[in-house]
Amino acid sequence: MKLPDPIVQLTHYRSAVLGLFIIGALIVLSIVTVLVIPYDEAIARWRAGEELWGDYPRNAVPEWFNLFAGNSLPTTIIINSKDGKIPKDIQKVTDEMSTSDMKFTFDYPWDRFPSEINLFLTAKFAQKKPQATMIWKTPDGRQIQLGDTTVGIVERFAISTDQRLSLKLEGRAPEVGLFAQPGTIEKGKTPVVQKGRYELIIEGLTFEKDSTLDAKLVIYGQAYGLAGTDHRRRDLLLAMLWGTPIALAFGFLAAVGSTLTTFSIAAIGAWLGGWVDQLIQRLTEINSVLPTLPILILIGTFYTRNIWVILGVVIALGIFSLGIKTYRSMFLQVKEMPYIEAAHAYGASNLRIVFRYMMPKIAPVLIPTFVTLIPNFVFLEASLSVLGLGDPLLPTWGKVLNDAYTNGALYKGFYYWVLEPAVLLMLTGLGFAVVGFALDRIFNPRLREV
Amino acid sequence: MASGALTEQTLARPRLGIRVPDTVARLGKYVIFRGTALFLTVVIGVYLTVLIANMGGYLDTIRIAQIREQVGAIVLNDATLQTLPPSELRKYIDDLVVLEMQRLRLDQPFFVRSVDYLVDALTLNLGRAEHLTSNSGSKLVRLILLERIPATLLLSATANLSLFFTAIFIALYLSRHYGSWFDRLIIAMAPASTVPAWFYGIFLILIFASLLHILPFGGMVATPPPETTGEYLLSLLRHMILPVSAIILHGIFVGIYQWRTFFLIYSSEDYVEMAKAKGLTARTIERRYILRPTLPPIVTAFSLMLIYIWQGAIILETVFSWPGVGRLLYQAISIFDVPVIVGNVVLIAYLLVTTVFLLDIVYAILDPRVKIGGERRV
Numbered sequence: 001m002k003l004p005d006p007i008v009q010l011t012h013y014r015s016a017v018l019g020l021f022i023i024g025a026l027i028v029l030s031i032v033t034v035l036v037i038p039y040d041e042a043i044a045r046w047r048a049g050e051e052l053w054g055d056y057p058r059n060a061v062p063e064w065f066n067l068f069a070g071n072s073l074p075t076t077i078i079i080n081s082k083d084g085k086i087p088k089d090i091q092k093v094t095d096e097m098s099t100s101d102m103k104f105t106f107d108y109p110w111d112r113f114p115s116e117i118n119l120f121l122t123a124k125f126a127q128k129k130p131q132a133t134m135i136w137k138t139p140d141g142r143q144i145q146l147g148d149t150t151v152g153i154v155e156r157f158a159i160s161t162d163q164r165l166s167l168k169l170e171g172r173a174p175e176v177g178l179f180a181q182p183g184t185i186e187k188g189k190t191p192v193v194q195k196g197r198y199e200l201i202i203e204g205l206t207f208e209k210d211s212t213l214d215a216k217l218v219i220y221g222q223a224y225g226l227a228g229t230d231h232r233r234r235d236l237l238l239a240m241l242w243g244t245p246i247a248l249a250f251g252f253l254a255a256v257g258s259t260l261t262t263f264s265i266a267a268i269g270a271w272l273g274g275w276v277d278q279l280i281q282r283l284t285e286i287n288s289v290l291p292t293l294p295i296l297i298l299i300g301t302f303y304t305r306n307i308w309v310i311l312g313v314v315i316a317l318g319i320f321s322l323g324i325k326t327y328r329s330m331f332l333q334v335k336e337m338p339y340i341e342a343a344h345a346y347g348a349s350n351l352r353i354v355f356r357y358m359m360p361k362i363a364p365v366l367i368p369t370f371v372t373l374i375p376n377f378v379f380l381e382a383s384l385s386v387l388g389l390g391d392p393l394l395p396t397w398g399k400v401l402n403d404a405y406t407n408g409a410l411y412k413g414f415y416y417w418v419l420e421p422a423v424l425l426m427l428t429g430l431g432f433a434v435v436g437f438a439l440d441r442i443f444n445p446r447l448r449e450v
Numbered sequence: 001m002a003s004g005a006l007t008e009q010t011l012a013r014p015r016l017g018i019r020v021p022d023t024v025a026r027l028g029k030y031v032i033f034r035g036t037a038l039f040l041t042v043v044i045g046v047y048l049t050v051l052i053a054n055m056g057g058y059l060d061t062i063r064i065a066q067i068r069e070q071v072g073a074i075v076l077n078d079a080t081l082q083t084l085p086p087s088e089l090r091k092y093i094d095d096l097v098v099l100e101m102q103r104l105r106l107d108q109p110f111f112v113r114s115v116d117y118l119v120d121a122l123t124l125n126l127g128r129a130e131h132l133t134s135n136s137g138s139k140l141v142r143l144i145l146l147e148r149i150p151a152t153l154l155l156s157a158t159a160n161l162s163l164f165f166t167a168i169f170i171a172l173y174l175s176r177h178y179g180s181w182f183d184r185l186i187i188a189m190a191p192a193s194t195v196p197a198w199f200y201g202i203f204l205i206l207i208f209a210s211l212l213h214i215l216p217f218g219g220m221v222a223t224p225p226p227e228t229t230g231e232y233l234l235s236l237l238r239h240m241i242l243p244v245s246a247i248i249l250h251g252i253f254v255g256i257y258q259w260r261t262f263f264l265i266y267s268s269e270d271y272v273e274m275a276k277a278k279g280l281t282a283r284t285i286e287r288r289y290i291l292r293p294t295l296p297p298i299v300t301a302f303s304l305m306l307i308y309i310w311q312g313a314i315i316l317e318t319v320f321s322w323p324g325v326g327r328l329l330y331q332a333i334s335i336f337d338v339p340v341i342v343g344n345v346v347l348i349a350y351l352l353v354t355t356v357f358l359l360d361i362v363y364a365i366l367d368p369r370v371k372i373g374g375e376r377r378v
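First to last, the sequence lines map onto chains A and B.
Okay, so the first sequence: first residue is 1 according to our numbering, each after it adds one.
Okay, so the second sequence: first residue is 1 according to our numbering, each after it adds one.
Heads up, a few of these hints could be off.
To be verified - Taking beta-carbon pairs under 7 Å as the criterion, some of the chain B residues facing chain A (in silico):
| id | residue |
| --- | --- |
| 1 | M189 |
| 2 | V195 |
| 3 | L206 |
| 4 | I207 |
| 5 | S210 |
| 6 | P293 |
| 7 | P296 |
These aren't lab readings, by the way, just hints derived from the structure by calculation.
Nothing here was measured: the structure is a model prediction, and the numbers come from that model.
Each residue gets a CB set at the ideal place from its N, CA and C atoms; glycine is no exception.
Construct the complete structure from the given sequences, taking the supplied hints into account.
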């Protein structure tokens with residue numbers, strides 16, 4: 001099969017080949033994403049709270065940072081007594097009362113401290129709540145009392161925010177103090193991680209026959225997954241993946257919608273002439289002084305932030321864009337061509353002339369414009385999201401940028417949080433722009449010469 | 001083209017020997033004509049904005065709330081009314097509100113009200129803000145907005161003027177040396193302008209503020225502001241470097257690319273060849289034979305660029321915490337200060353049209369067809 005000429009020509013531009021490759025990769029990624037994580041599930045997961053993301057670290061960098069950081073960044077350790085891998089020693093004391101001891105053992109080989117420690121306790125009982133006493137054992141055999149608590153049905157024992165424990169550890173945060181080498185946590189010293197095997201011992205006491213006690217220890221790391229996590233512990237990979245189809249769909253639909261309508265209106269105006277043409281021209285002039293972005297902001301603030309409604313408004317505002325003037329001057333030339341006269345002579349209807357004869361004639365001119373418009377709309381969506389007017393449900397790249405911005409990611413040094421969506425946006429933008437530029441040179445030979 | 005309207009009178013006169021008063025009169029007419037056309041455009045534009053803003057009756061709600069507040073204040077200050085039983089007092093307040101609504105024609109049909117809003121918006125009678133205040137403490141939306149214009153103007157004028165002239169000068173240079181490695185580099189970089197200025201801003205902040213700590217994250221001057229004028233200006237300059245660079249980075253490559261192509265096309269015209277044959281210097285050819293006939297399209301391009309810049313500034317200012325009109329809009333959105341949002345949109349529409357109008361005058365001065373009233377353009 002012979003490829004159409006413009007595509008062959010396109011392959012002569014090295015940058016365009018790269019651009020096509022980027023676009024292709026993004027399209028494949030979008031399709032895979034939509035197939036693997038359905039729309040509703042993506043929304044549900046992105047909007048979920050602690051119940052889904054509770055075991056994820058907060059503001060963790062991507063795990064592959066460890067390749068450059070010499071494997072110093074801890075990943076999350078989760079040990080759950082319900083999995084049965086923990087030795088659980090249950091001894092009857094009386095008929096009703098029994099002890100239930102658990103021992104959580106884990107290795108800590110990293111140079112940096114964990115970001116947080118939580119203990120989630122769950123209990124089964126009828127009336128009398130079980131009790132638990134926690135003891136921390138360091139590799140060098142020191143024992144630190146973490147305190148005791150009565151356990152409700154679900155209890156969260158936030159070790160990291162325990163003020164009394166912090167006082168015991170020279171005022172250091174517990175996740176630092178518990179993992180530091182002795183003698184390094186005093187004031188004025190830099191705490192150093194003590195690597196090795198740690199133990200958390202939970203001495204439980206249940207007061208009913210069928211009462212049980214379980215625990216889940218989560219030592220949150222500083223690195224997670226391919227994309228890291230945000231301030232609400234969410235896996236950024238979900239947003240990065242789902243941002244792709246949304247950005248592409250938004251850009252593509254907006255570009256199709258606005259170029260096709262603009263193009264048809266210009267053709268109709270040029271063919272019919274008279275007051276229709278005048279009206280179209282005046283509308284174009286009015287439209288050119290309408291502040292597009294502020295109007296989108298008004299709509300986003302007052303009415304709806306639904307991305308598909310915004311898409312509709314973007315298209316509506318793009319209908320009478322300045323492109324009409326360019327297309328109109330081209331159509332005016334086409335209008336005088338003999339074949340149009342012939343069509344008119346055999347009695348072709350206005351509609352037929354405009355849509356079957358005039359528009360196809362200069363349709364190729366649309367292609368470069370169309371391709372270069374796509375990234376503009378992709379960035380428009382990102383711009384609205386950065387202003388806090390992103391779609392309330394969907395995870396998009398712009399919304400991640402907005403989260404990062406409002407949480408001071410650049411001040412706090414969470415660069416990955418800004419860079420990931422930014423690089424993806426940039427790749428999308430440049431991919432389309434490079435192809436669009438090459439197409440422009442192919443379809444406008446005058447540009448090729450110079 | 002507006003110049004068409006002036007054709008008839010000029011045909012009767014000899015085309016050469018232009019007298020100065022004649023030119024001024026023609027210019028005046030042109031300006032009035034364009035001014036009227038643009039005024040009608042802005043009226044329709046602002047009217048549309050008002051319609052969009054009031055689609056859900058938001059403006060009405062704001063105004064009724066304001067009336068209630070005013071009436072409440074009046075009643076509270078009137079000691080004689082305090083003796084009335086609560087039910088009668090409430091009825092009295094309600095009556096006053098209804099009266100006031102009638103006085104302000106809020107009971108009129110939507111069309112009449114929308115015209116009222118249009119007049120208010122056009123005269124920048126934008127009401128009072130709900131939360132935001134101006135630096136002087138005023139709650140008048142107009143004052144809050146006017147206070148922010150200089151900052152926006154300073155930033156966008158500096159950036160765009162330097163961008164514009166740099167691009168044209170480099171483009172002129174490249175049109176003489178086209179095909180060089182620098183030329184090819186510019187062509188290769190041109191697609192980089194798809195990325196908006198605020199986006200470059202994020203990267204610049206990351207590099208120069210977060211990593212290198214040599215330039216500030218944002219804002220207009222250091223806090224507290226330096227006391228001496230010299231230090232103040234220096235601090236202002238330091239804060240301007242990053243946002244201005246962001247705008248320039250965004251626009252420079254495509255700007256140079258387009259102008260270069262444009263000049264190349266114009267420099268292949270016959271009269272340029274002729275000038276070369278006459279042995280004129282490259283500089284003279286450039287100034288008299290290339291730049292001069294291309295000036296009107298250059299001005300058009302400039303005005304188009306400014307239109308996009310007024311809107312692009314919204315996010316750029318937000319990213320750089322630059323205290324201009326754009327950041328105000330962002331602040332108003334985040335605390336839902338409706339009068340400020342509406343006022344801001346109206347103001348941007350106004351600024352857009354004013355820019356277009358001013359540039360039209362420049363255009364008229366530059367375009368010989370307007371000045372001496374040449375033939376109608378096809």
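Can you name, in rising order, the numbers of the hints this structure does not satisfy?
When the structure is compared with the hints, numbers 1, 4, 6, 7 turn out to be violated.
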